[in-house]
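Novice: If you want the building blocks of each chain, they are given just below.
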Amino acid sequence: MLTYVARRVLISIPTIFGVATVIFLLVRLLPGDPARTIAGVLATPEDVERIRQQFGFDQPLYVQYVTYITHLLTGNLGVSTRTGAPVTEEIFTRLPYTLELAAISTVLSILIGVTLGVIAATRRGTPLDLLISGLAVFGLSMPVYWLGLMLIIVFSIEIHAFPAAGAQDPLGFVLPSVTLAMFSLALVARQSRSAMLEVLGQDFVRTARAKGAPLRTVLVKHALRNALLPVVTVIGLQFGALIGGAVLTETVFSWPGVGRLLVDSIFSRDYPVVQGVVLMLAVAFIFVNLLVDLLYAYVDPRIRYS
Amino acid sequence: MSIRALDTADLLSGLTAPEFGAQTARGRFWSKIRRSPSALVGLVILGIYLLLALVGPLAAPFDPGHDILRDQFQSPSTHHFLGTDDLGRDEFLMLLYGARYTLYLGFLAVAIGLGAGLPLGAISGYFGGWVDLLVQRLTDVLLSFPGILLALALVAGLGVGLRNVIISVGISSIPIFIRLTRASALSIRELPYVEAARALGVPNWLILLRHVIPNSLAPVIVQATLQLGAAILVAAGLGFLGLGVQKPTPEWGSMLGEARTYIFTDAKLVTLPGLAIFGAVLAFNLVGDGLRDALDPRLK
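Protein sequences, first through last, are from chains A and V. Mapping of the first sequence onto the working numbering: position 35 corresponds to residue 35, and the numbering continues sequentially without gaps. Every position in the second sequence, counted from 1, becomes a number in the working numbering once 306 is added.
So here's chain V without its partners, still in its complex pose (with noise of 0.2 Å):
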């Protein structure tokens, strides 16, 4: 394995169960979190985009096919709260949309990462041998792609569109799911309460299951709150570029893109989109700093 002693995966896998387990590590983390300030700004942040993903589309019916050309590049007004764009749309209703669109991308792409990173990293680590040698070497091969060119790669081939950029997204966000996974499942598998567990004759995939995987979830909480922020923000470049949800999806990566072309005549379609990206990312962020803090044992 590579001696890189700065992955997230290395960093986080001293964190096991035992810290966690017990009521007073519990209560111990509450309060670590209710004393982080940056973690709370996150989460506040975290429950307005939420609240306006859940109740905004209720409250303000959006009607796409509602692009009057007449009506383009207003200023804000009392009947538009903060403009019209290129096609005369409603500025502040395509970001109160968007803000729906970008986190059902972010949870999904993740749930997908998740989804297989977790069970692949728990089976490479907790079994070794040749089924690890496979798993690790096809981690190696993705983790290759740097930055935002798997994604691409793969929006490049199966086509653009708001379902392939879950699916490019979800695929690139693997292997650091396996890594760390697989990172915790090596130290939890020569615990005794493990050993204990074969000894009784409990079959691998119920130690898996109800040993292994549970008490690895702690680094993997962490990452899957920093990887909704990637995801995110992975998700908007591609569509910033194009290659992501296309129109008349109101996407706030592709609203970004298009408004790109009228930055000389409108900079605040350029701005605010941007805006919302940059908020959703940074109070994951914020939130993923915060349990990462409360989590480690060592920063104690």
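Just chain A, same shape as in the assembly (with noise of 0.2 Å):
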């Protein structure tokens, strides 16, 4: 088992580097001079090689490459063309709304997703079934940011319950949530319906319901407990989903999380911020996958770790 983690998290190192060498190249290869993008085009000659200097676009590539990954070695993701504040900064202050937002989005998706996929799984091929698997193709196909606006006409504009934006407040938060987790609930309730489904065609399923186990008994101790393997590695397929869509969300409902932050920053071109932000998620979304493959390799002990 020791063995696996290490090689797993060994694995996971050049992919870090893989991304953020990506990443600098989709910067500095493009068409066009970085630095007089930054500095706008007001700017005279001078301001465009005073930053060209400043961000050291002048260096060779190569030299520009090795400083940036010593600075992302010791955390340090540059200034902020906008701002002149650490992009670590900008980063740290907006990121506890996204985590806010996405960890209600990820209980609101696991909770009533099982839920649906085990009622839609024990009553295969009933109309209840059909409905929730219809509502699950529902899910995966709506535009974020579509529902979003739907939900701020019916419930913000319509009947006044929930405000439409901004995250001051408690009842701001149902909004983005609901709209966030649609997607994730989508796919976690057609998950754990197709996991359930196999389970319960197997032989120990039948075994337990033949020596007379109640029917709830084995569906949560037998069928449920084993469908939930494969369920938790779609918590990491759909945080990638989630972080997607907190992009879009974020935008919906003003809110201010790194999102948010990421589309500003594209459209001021701050370009450190711009690599930072996208960066750490990729880093984030490369973690999460690391603890549900080991989580998964933990819980399930026909997973070999060769």
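If you are wondering where the hints come from, they were derived from the structure by calculation, not from laboratory data. Note that the Cβ used here is the ideal one computed from N, Cα and C, for glycine as well. Please note that a few of the clues may not be correct.
[Unchecked claim] A few chain V residues that face chain A, going by a derived Cβ cut-off under 7 Å, partial list only:
no., residue
1, Phe433
2, Trp436
3, Ala462
4, Gly463
5, Val466
6, Gly543
7, Asp572
8, Ala573
9, Val576
[What the hints assert, rightly or not] Away from chain V, derived, C-beta distances all over 12 Å, residues of chain A:
no., residue
10, Phe55
11, Val63
12, Ile69
13, Ile110
14, Leu130
15, Glu158
16, Phe204
17, Leu215
18, Lys221
19, Ala284
[Claimed, not checked] Simulated restraints on C-beta separations:
no., chain 1, residue 1, chain 2, residue 2, range
20, V, Gly353, A, Thr21, 37 to 47 Å
21, A, Thr74, V, Leu360, 30 to 40 Å
22, V, Pro343, A, Gly84, 51 to 61 Å
23, A, Ile69, V, Gly353, 49 to 59 Å
From these two lone chains plus the hints, build me the complex, please.
Specialist: Okay, structure coming up:
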């Protein structure tokens, strides 16, 4: 087990380096002069030159790369061209808002998703199953931003139940969390339905039923416990969707999180912040998947750690 | 490799040629598709969209220059079937033309993903060794950008506009096709007919072209269908953020993004483009699910 953990952790390190390199190249190799872009249309040639030196764009590419990686290793993501504050500071003031939203949405999607999935699986082929499966496809096909706006129209504009923007009071969390949770919820419901169906068809479930164990016990103790394994892995997958969704959801609800920060920074061509946010989100995604893999190996003894 | 069992790539990797080669299997496939009501619904919606995209603009010529501000925010009338938008443009015509852009964008983006992902995955799985290692590490890196983020980062660098959106969404759908084709190629290269071809001295490129790629297509087709939905969703998301297709091109995502400002004035301008995106994505997802059920031998 320990070797497996060590191996998985070691494999993630080159991936993180790869991600950092891709982000580095993205800004530098693309057409156009980044210094000019950062300086803006109204800048004088002197301004552009000053920025070029300040960001080291006048150095050869490999020197820039070495500087970039050394800075990364010391946790230095550079300085925002818009506010002048360190990028890490910009990110950490916004991060709690995104984390809160993501946490609520994850809990919502797992609780409701697993419940719906189990209900659908145990009533396979009934109208209820069709309804749940249908809703799951709807959830997976719905544009997050559109759902958010529809919720605003109904619950903010029409019946004034919840605020349409802002993270000031607890009520403000309701619409963004529901919006963000919808895709994950559908994903989890679908996955737990098929996992549950697979388990329900197996011998040990039939044996448990045959020896007279009540349906409830069989469902919860035998079937669900085994079906939860694949569901664990979905949590890793849905985290990716959650991050992508957060960028859109935060824009719809003017939420002060990192997703909104990313979009704002792209518009103001604040490349250090764009670089920093993308890197941080990708690394977070790598870590969540690492954790899920380890958790999966830990809970499922059938997996060999070779 | 990761042990996540639920990657579509892994789920579909069990599908290889033998199940589909024979005529009877093909017949079974079509009868399954026909019996799947959701796949049929998907096909019907898709047919309507295709028809609107192809015929609509011919039937209703559209003049993008014809924005008359005094006509803005009109309610539906005989003159403007669905009313007008913030610039006085006919909402129905905008939506009609949007179908064309959305489908064009989706198909081209997936074509890029397929065009690069399929050969890379086949080569990676067939040859193994350092080629495989290199391609797989690259795939790992690309898959580490969660959700819409890779496309977003690419657009941030490349700049906005229809062409760059297609490139960005296309690149971000490459890794899933690499994974999927590689998984199939890994199992196909061990099959007797590949061994026989090799024993006969058939060159590797021909084996790849004749045997490995055609026989790994089944899961790839399923994924390509689902990916069309995903590509449309991401491209429209970029449009919504203002980082996608720009005005005056009537793309549904950017229409939705612009209409957001007028959500209090005219809710229909927000509702309709989103509904159009939703319908297109739903159609591709339904057809993709139907194809998967019809092609997956484990679900019989």
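Novice: All hints are to be evaluated individually against the structure, with a verdict given for each.
Specialist: Hint check results:
Interface restraint check: Phe433 (chain V) against chain A, minimum CB-CB distance 21 Å, threshold 7 Å, status violated. Interface restraint check for Trp436 (chain V): the shortest CB-CB distance to chain A comes to about 14 Å, outside 7 Å, so the restraint is violated. With a least beta-carbon distance of about 4 Å to chain A, the hint placing Ala462 (chain V) at the interface is held under the 7 Å criterion. Against a cut-off of 7 Å between C-beta atoms, the interface hint on Gly463 (chain V) holds, since the closest Cβ of chain A lies about 4 Å away.
The criterion of a C-beta within 7 Å of any C-beta in chain A is not met by Val466 (chain V), whose closest approach is roughly 10 Å, and the hint is violated. At about 6 Å, the closest approach between the beta carbon of Gly543 (chain V) and any beta carbon in chain A falls short of 7 Å, and the interface hint on this residue holds. Annotation: interface hint on Asp572 (chain V) violated; nearest CB of chain A at approximately 11 Å, more than 7 Å. Taking 7 Å as the C-beta contact cut-off toward chain A, the hint placing Ala573 (chain V) at the interface holds, the least distance being around 5 Å.
The interface hint given for Val576 (chain V) is met, as the beta carbon of that residue sits about 5 Å from the closest beta carbon of chain A, less than 7 Å. No beta-carbon of chain V is positioned within 12 Å of the beta-carbon of Phe55 (chain A); the least distance is around 15 Å. Against chain V, the non-interface label of Val63 (chain A) holds: every CB pair exceeds 12 Å, the least being about 21 Å. Annotated as non-interface, Ile69 (chain A) keeps its C-beta farther than 12 Å from every C-beta of chain V; the closest such distance is 15 Å.
Chain V leaves Ile110 (chain A) outside its interface by the beta-carbon criterion, the shortest separation being 15 Å against a cut-off of 12 Å. Listed as a non-interface residue, Leu130 (chain A) fails to keep its Cβ farther than 12 Å from every Cβ of chain V; the least gap is roughly 9 Å. Distance check for Glu158 (chain A) against chain V: the nearest CB is about 9 Å away, which does not clear 12 Å, and the non-interface claim fails. A cut-off of 12 Å between C-beta atoms confirms that Phe204 (chain A) is not in contact with chain V; the least separation is 19 Å.
Here Leu215 (chain A) stays apart from chain V, with its beta-carbon at least about 25 Å from theirs, past the 12 Å limit. With a least CB separation of 22 Å from chain V, Lys221 (chain A) remains clear of the 12 Å interface cut-off, as annotated. Listed as a non-interface residue, Ala284 (chain A) fails to keep its Cβ farther than 12 Å from every Cβ of chain V; the least gap is roughly 8 Å. Between Gly353 (chain V) and Thr21 (chain A), the C-beta spacing of about 45 Å keeps the proposed range 37 to 47 Å intact.
At roughly 57 Å, the beta-carbon separation of Thr74 (chain A) and Leu360 (chain V) lies outside the given 30 to 40 Å, and the hint is violated. Range check, Pro343 (chain V) to Gly84 (chain A): Cβ separation about 59 Å, and the 51 to 61 Å hint holds. The hint said 49 to 59 Å for the Cβ distance between Ile69 (chain A) and Gly353 (chain V), and at roughly 52 Å that hint holds.
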